[in-house]
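Asker: Okay, here's what each chain looks like letter by letter:
Protein chains: 2
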Amino acid sequence: MRNILLTVSYDGSAYHGWARQPGLKTVCGRMEETLSAYFSTPVVLEGASRTDAGVHAYGQRATLKAELGVPVEKIPMVFNTALADDRIEGLSDIRIVAAEERPAGFHARFDAKGKRYIYRIRNSKDPDIFLKRYRWQVAPELDLDAMQAACPHIVGEHDFACFQSAGGTPRETTVRTVYSLDIQRSSADPAELELRIEGDGFLYNMVRIITGTITEVGLGKRRPEDIPEIIRSKDRSKAGIIAPAGGLWLDEVFY
Amino acid sequence: MRNILLTVSYDGSAYHGWARQPGLKTVCGRMEETLSAYFSTPVVLEGASRTDAGVHAYGQRATLKAELGVPVEKIPMVFNTALADDRIEGLSDIRIVAAEERPAGFHARFDAKGKRYIYRIRNSKDPDIFLKRYRWQVAPELDLDAMQAACPHIVGEHDFACFQSAGGTPRETTVRTVYSLDIQRSSADPAELELRIEGDGFLYNMVRIITGTITEVGLGKRRPEDIPEIIRSKDRSKAGIIAPAGGLWLDEVFY
Chain A
1 MRNILLTVSY DGSAYHGWAR QPGLKTVCGR MEETLSAYFS TPVVLEGASR
51 TDAGVHAYGQ RATLKAELGV PVEKIPMVFN TALADDRIEG LSDIRIVAAE
101 ERPAGFHARF DAKGKRYIYR IRNSKDPDIF LKRYRWQVAP ELDLDAMQAA
151 CPHIVGEHDF ACFQSAGGTP RETTVRTVYS LDIQRSSADP AELELRIEGD
201 GFLYNMVRII TGTITEVGLG KRRPEDIPEI IRSKDRSKAG IIAPAGGLWL
251 DEVFY
Chain B
1 MRNILLTVSY DGSAYHGWAR QPGLKTVCGR MEETLSAYFS TPVVLEGASR
51 TDAGVHAYGQ RATLKAELGV PVEKIPMVFN TALADDRIEG LSDIRIVAAE
101 ERPAGFHARF DAKGKRYIYR IRNSKDPDIF LKRYRWQVAP ELDLDAMQAA
151 CPHIVGEHDF ACFQSAGGTP RETTVRTVYS LDIQRSSADP AELELRIEGD
201 GFLYNMVRII TGTITEVGLG KRRPEDIPEI IRSKDRSKAG IIAPAGGLWL
251 DEVFY
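Listed in order, the protein sequences are those of chains A and B. According to the working numbering, the stretch in the first sequence is residues 1 to 255, in order. According to the working numbering, the stretch in the second sequence is residues 1 to 255, in order.
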């Protein structure tokens with residue numbers, strides 16, 4: 001049984017998230033079903049991150065366990081052919097970017113040392129309906145300096161219970177380390193703000209609630225210096241709104 | 001009963017086209033249901049173009065007949081509020097861009113003098129899965145000069161039966177006039193080709209089949225000078241493949 005680490009990019013718009021759920025279309029479920037049928041052998045995947053419905057990925061990682069004869073360097077091409085759902089283009093909204101052979105005990109999630117997410121906000125009075133699935137569109141002008149001033153308060157090891165939605169997988173601890181967090185205006189498009197966050201792990205909806213809270217700072221509803229007290233409260237109701245799923249990308253998983 | 005001409009932009013990805021169809025989610029159907037419920041009065045729309053499933057619009061036009069007290073200048077804002085399906089953003093994938101009062105006999109479709117469509121091709125070896133709904137992604141390098149040389153053969157008054165799919169609304173004649181047709185590389189993104197076509201009317205799938213045929217010229221499968229013979233044949237099987245729906249935009253309707 002081979003253990004192959006895949007790098008997977010996907011448009012999450014049409015999926016109920018990464019993780020298998022009976023009766024729902026999920027990224028992992030679709031990959032397992034399609035590849036199992038294509039190769040006539042059971043294919044099982046374990047993803048590094050359980051991305052939510054509507055969340056996208058540039059670099060999700062997943063370990064694949066299967067009896068497969070395909071050489072590792074051919075796996076991206078062969079899997080992408082199997083996944084293609086359009087005969088003209090040969091494309092799918094899921095794309096295998098890379099594949100590497102790993103030892104039997106290696107696990108995409110348990111062996112991950114950290115992750116980086118990107119959150120994209122479009123800050124413009126003129127909404128773009130064609131970006132609805134890919135940006136949080138905020139009409140009032142955001143104070144970027146204030147948002148940047150909020151970021152350092154979140155970096156470091158903290159109990160992030162205040163930034164966790166109810167209903168996720170139960171965890172032993174809500175303490176996590178955020179290695180870096182910053183927000184910048186895109187040089188290509190001045191209407192676009194890009195938040196980048198790296199950490200050793202993230203609680204359920206944590207990136208989206210951090211983004212919502214920092215955005216409320218940008219709207220003048222909160223001050224940057226309110227953040228430490230919000231974190232100390234460990235109280236979800238003290239933090240900001242949850243930013244929409246479509247603006248979020250799982251960018252990279254570190255091992 | 002007022003007669004109001006709306007300019008409507010929509011992302012067609014999630015819809016089975018513009019036209020009402022029982023049991024299916026369509027742009028017209030969703031607008032009529034939402035607005036009828038919002039104003040507690042029957043709202044009926046007639047669109048200028050029956051765009052297909054997955055086709056987008058910048059400037060669809062539709063006449064709206066209803067007993068409504070809303071002043072015409074407030075209609076875009078009020079309708080967009082009614083259509084919003086996201087409480088955080090207040091956005092929908094349908095957006096009313098403009099509204100004008102018209103006399104009772106005016107009809108969005110019958111009074112249209114012409115239409116312009118845009119078709120977007122992404123010509124790159126590296127597919128972008130996040131543009132799957134909005135571009136036809138063609139991997140082999142296209143010969144833009146040859147594609148441009150094909151365009152003038154299509155301009156003018158012709159019987160375009162060769163560029164019509166079976167299954168559309170029956171028409172009295174398959175003669176149409178194409179006023180202009182050109183294809184250009186985007187200055188912002190050299191991977192992107194933009195085809196623009198204006199005409200007095202278009203047959204079922206006509207723009208997509210013209211695009212597919214011209215693209216086959218760009219792939220070297222046909223020569224520009226083959227086009228007149230294809231048109232003379234009046235035979236669908238002599239023309240090229242149908243380009244995917246997602247690359248097509250209804251840009252403007254002329255009155």
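Warning: the hint list may mix true and false statements.
Unchecked claim - The list that follows gives simulated cross-link-like pairs (lysine to aspartate or glutamate, EDC-like), each with its CA atoms no further than 16 angstroms apart:
# : chain 1 : residue 1 : chain 2 : residue 2
1 : A       : 65        : A       : 89
2 : B       : 125       : A       : 89
3 : A       : 125       : B       : 89
To be verified - Sample of chain A residues with no beta-carbon within 10 angstroms of chain B, all distances over it, derived:
#  : residue
4  : 36
5  : 56
6  : 69
7  : 91
8  : 132
9  : 133
10 : 138
11 : 139
12 : 158
13 : 175
Think of the hints as simulated: they come from the structure by calculation, not from any bench. Ideal placement from N, C-alpha and C gives every residue a C-beta, glycine not left out.
Asker: Decide, hint by hint, whether the structure agrees.
Answerer: Each hint, compared with the structure:
1. Proximity of residue 65(A) to residue 89(A) is assessed by CA-CA distance (about 29 angstroms); at most 16 angstroms being required, the pair is judged violated.
2. Restraint check for residue 125(B) and residue 89(A): satisfied, since their Cα atoms lie roughly 12 angstroms apart, inside the 16 angstroms limit.
3. Between residue 125(A) and residue 89(B) the alpha-carbon distance is near 12 angstroms, which keeps this suggested pair within the 16 angstroms criterion.
4. Residue placement check: residue 36(A) keeps its beta carbon more than 10 angstroms from all beta carbons of chain B (closest about 22 angstroms).
5. Not every Cβ of chain B is farther than 10 angstroms from the Cβ of residue 56(A); the closest lies at roughly 7 angstroms, contradicting the non-interface assignment.
6. Consistency note on residue 69(A): stated as away from chain B, and its beta-carbon is indeed over 10 angstroms from all of that chain's, at 26 angstroms minimum.
7. At roughly 5 angstroms, the least C-beta separation between residue 91(A) and chain B is not larger than 10 angstroms, which violates its mark as non-interface.
8. Non-interface call for residue 132(A) relative to chain B: violated, since the shortest CB-CB distance, roughly 5 angstroms, does not exceed 10 angstroms.
9. Here residue 133(A) does not stay apart from chain B, with its beta-carbon only about 8 angstroms from theirs, under the 10 angstroms limit.
10. At roughly 8 angstroms from the closest C-beta of chain B, the C-beta of residue 138(A) falls inside 10 angstroms, breaking its exclusion from the interface.
11. Distance to chain B contradicts residue 139(A) as a non-interface residue, since its nearest Cβ pair spans about 8 angstroms, not more than 10 angstroms.
12. Under the 10 angstroms C-beta cut-off, the non-interface status given to residue 158(A) relative to chain B holds; the minimum distance is some 26 angstroms.
13. At roughly 29 angstroms from the closest C-beta of chain B, the C-beta of residue 175(A) stays outside 10 angstroms, upholding its exclusion from the interface.
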